[in-house]
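Protein chains in written order, with our numbering: chain A, 1 to 339; chain B, 1001 to 1446.
No lab work stands behind these hints: they were computed from the structure.
The beta carbon of each residue, even a glycine, is placed where N, CA and C say it ideally should be.
Take these hints with a grain of salt, some might be off.
Claimed, not checked - Partial chain B-side listing against chain A, Cβ under 8 Å, derived:
1. 1261
2. 1337
3. 1410
To be verified - If you want the footprint, here are the derived chain A segments under chain B, 3+ residues with CB under 8 Å:
4. 5-12
5. 51-65
6. 232-243
7. 310-316
8. 325-334
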Amino acid sequence: MKKRDPDLLLFHAPLLRQGMTTPKAMRDVLYALLPATIASLWFFGISAALVLGSCIAGAVLAEWAFADRANRGESLRDASGILTGLLLGLTLPPGLPLWMAFLGGVIAISLGKVIWGGLGHNLFNPALLGRAFLLATFPIAMTTWVPTTGNGGFFDINASNLALPFMQASVDGMSSATPLGMMKFEHEVTPLMDLVFGNTGGSLGETSGLLLLLGGLYLFLRRDLDWRIPVSILLTVVVFSAVLTLFDATRFPTPHFSIFSGGLLLGAIYMATDPVTSPVTPKGAWVFGIGVGVLVMLIRVFGGLPEGVMYAILLMNAATPLIDRYTQPRVFGRGDAAK
Amino acid sequence: MKAFRRLRRNFEHGVHPAHHKQQTENLPIQRVPFGKDYLMPLGQHIGVPAQVVVTSGEKVRRGQLIAKPGGFVSTGLHSPVSGTVSEIGDFRGVDGRFAPAIRIEADPFATQQVDAGAALDWESMSLDEFIEAVQMAGIVGMGGAAFPAHVKLSVPEGVKIRHLLINGAECEPYLTTDHRLMLERPEALLEGAEIMRRKLGAEDTVIGVEMNKPDAIEILGQHIKPGDPVRIVPLKVKYPQGAEKMMIKSVFDKEVPAGQLPRDVEVNVNNVGTIVAVADYFLRGMPLIERVVTVAGPGVTYPANLIVPLGTPVRDVVKFCGGLKPGSREIILGGPMMGRPIASLDVPILKGCSGVLVFTAEQTARRKEYPCISCGRCLEACPYFLNPSRLARLSKSRMFDEMKSYHVFDCVECGCCTFACPSNIPIVQLIRTAKDDLSHRKEPEA
């Protein structure tokens, strides 16, 4: 009896793979954000966990609800929904009513991602789009900051967290100001060490610069991050503010203050580097980063808002397809770049 | 600064697959015993198929010409065994299509001696005679592309070749044929190189070898006599170091302009196997009737480096190596990055086949494809600095014409992009689809 040959498959070469997958890359970002997330719990107590949890719940629920019936749940596996929820949560004030945080998560995924065609097709960073929505809809709640030492124990919940939907959150007497707000409106400079270690008022994730940098280093070592984007953003901000301080050191922020205050590190390392919404070409990454840096400084120094990272990134997101188009790499053996 | 750049000796981008060469790199080349049936397709090389010069039923000797070149970009074909031409007709080829081929039944009682034997007087040949001899010997690029070697030799008026570059990079994982040839036949390699260099009128010979073959570099170094115009350049281990334009960049720091050939930067590139074939023909009268093949991969019982007569069915080669292990799922001819899968064990080993690799479930698992997140890993991998992510998107939307402005035809299909893609998008496969569609299009009649 003749032995049958095995049925051979015809997968086309290359059969070998690097081993990195998109869900792994997403999970890496989650791991990188872990220290900063824990720090936010340390500084703001259980409220932080509730706000972050609400955002993630909103994001994941929207991801599930708006998915195709055929592959419902499939899109949850790549962890991008959880990541969007976490990133959104880290940009929110700790005292935000939970239903707003939840709504922000839903909006971030639905208007930020699903409506564009899902992962990989969105023009704007979903987390920042969710935040922009919240800032436009609930301006007071979104700019009420709780001081870090806050209201004592870890398990004390901010009263404002539990506000009911559509009842205006009452601003209690515990509000504080962010370092950028104090700089802009009161010309009061927060000590650098407080900024580096995160002992300041502000959004959940914009407090501890050191831990954010640590996570960025991890992402860089895992090669999950286009280093050009954070480097060019931070360099631009440093140069911009250094030039300004040369003119008037009392009126304008110093470079190190600019770097460590507000959401710049969070934005530069985790939001601007979102591969979907940033240029894919190496040259484009530099253009994008410089653009973000310049816009951040313009908004912070000359605009009406204390903080401009969100709008700077969203504006540059809109320019990304154009940047990509004009920064195609020079093809090997050709004088001209592809158009 | 320039000296510093030359120290780096590399091309930019590329990827680092695990090289998996441990399986066979220390196994000496052995000869496969002659089998029964041989199938010689007429189109084993790039270009016009050869023309049959034997008839069915005719007795042929091993090394006898059985098909002559069908044009300039075409080569001769010789019988790999002594035996009888049993059939001339269409047979299923490696790609699954039917193509004309000559079937030869080996004579089990023949000695299988090559009777030409005599060395050719290459020194007194004119360049044209030399080129014709290479063409008749059936010598093609043995690295995988099977481009007729004589076409590279015929340079147009006014073009001067200054360097003969011998490609010993063997950057494809698993393959060890060039490595073993360099170790076991360094004299033949250097003799062949000298013939080629003299005939081309080149100033020197440069042998590029990846640094993961230190023994080959050492042995070749021992065989180079002082004063010989030959030098060895160790190259970084990186895929695709053996792509000729990448190797020219690494060795000479010159970019071959797009759409042009190595000769336009005064270099002639040949694979180690090709050079050895030249030596075998001109010094020993043996045309190209067999080649070294690496049989490896997780599905092979006894991996080996083998001298296989051309036309041997893959079945015989695999059988000689102890057969397929249970769980073998796919067989690739060539390397795992650029080779071709075969659907049947009956396809023959051809001139351009450097390996028979058998893979199991691990390499052939269906990988879930995720959407492109434009992470840019493919851009950082592409040695040609193309934008594979964009090309894949365009190809998926079947916007093939738009792909031309992204220089899709500069793509050499090395597969670095697919290798690097975290979303498991078959980028190079999509590019191949587009190139195939574009090049087979009929222009509308005016």
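Worksheet item: What are the numbers of the hints that this structure violates, sorted from low to high?
Response: When the structure is compared with the hints, numbers 1, 5, 6 and 7 turn out to be violated.
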